[in-house]
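Undergrad: Sequence:
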Amino acid sequence: MTRFYEQHGRRPRRAAGRAAAMAMAAGAAVMLTAPAAHAEVVDVDYQCKTPIGNKGAVSPIDIKSTPSGGAYKLVMSFEKGVSSSPVELGKGAMKPSALIKLGGAESGTVPVAGPPNDQPIPANTPIKISDLSGTYTPKGSGKVTFTAATLTIKALGTTTTCTPSNNPKPSLSLDVKGSGGSGGSGGATAGGSSGGQLPQTGPADSAIALGTLGGTVLLAGAAGALWLTRRRQRA
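Just so we're aligned, residue 783 is where the sequence shown starts under this note's numbering, counting upward by one.
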């Protein structure tokens, strides 16, 4: 009995141990290959130029990213309102948009926009900005930073432009890998041929050709036998 348990009891434990080790290795591989991301809430001091004068407000800004195929969906959130209006802004009267500045491995900006206000905004109160979203597609590879830039508020036919004045830090950094173009040499797509040339034949094509030839010979033999039979009947 002891030998039985030694022979049949250790193997399941060893198999379970190997399975656990493989699972841990796979998990470690996933963690190593997953793109690194770092986000933090950053205070942004917006100085706004409004139709009735200049106004300022500080709002904590949060930028989050979600991978989507070869791109990233960005969401820019405002924890506090900015600027204000001397008159009430009715539902749907205000439309916000902004730019997110890229740094590090890439330069330029990503436009983001949000829906109009779903609730009336009272006069002389901070304008609450809804979440702004947009799409960022990496062109190169490396660490890219995302920093709040110009905010634009359109309401009642007027435009208010708010610019960060405190040189804020990035709210998000990502380790990205761009496509870098086609990523390989050109040529025919799968299942087609390039340059108008006929596809090259191989062993499979030779087998088909031989089968066709054999069928032709068989038909020729049958036709000959039928001709001889009819000739004998006539004779």
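Be aware that a few hints might be false.
Below 30 Å or equal to it, Euclidean Cα-Cα: the simulated DSSO-like pairs (lysine-lysine) are [stated by the list, open to error]:
1. Lys862 <-> Lys877
2. Lys951 <-> Lys910
3. Lys877 <-> Lys855
No lab work stands behind these hints: they were computed from the structure.
Undergrad: Confirm or reject each hint.
TA: How the hints compare with the structure:
1. Lys862 <-> Lys877: holds (16 Å)
2. Lys951 <-> Lys910: holds (22 Å)
3. Lys877 <-> Lys855: holds (20 Å)
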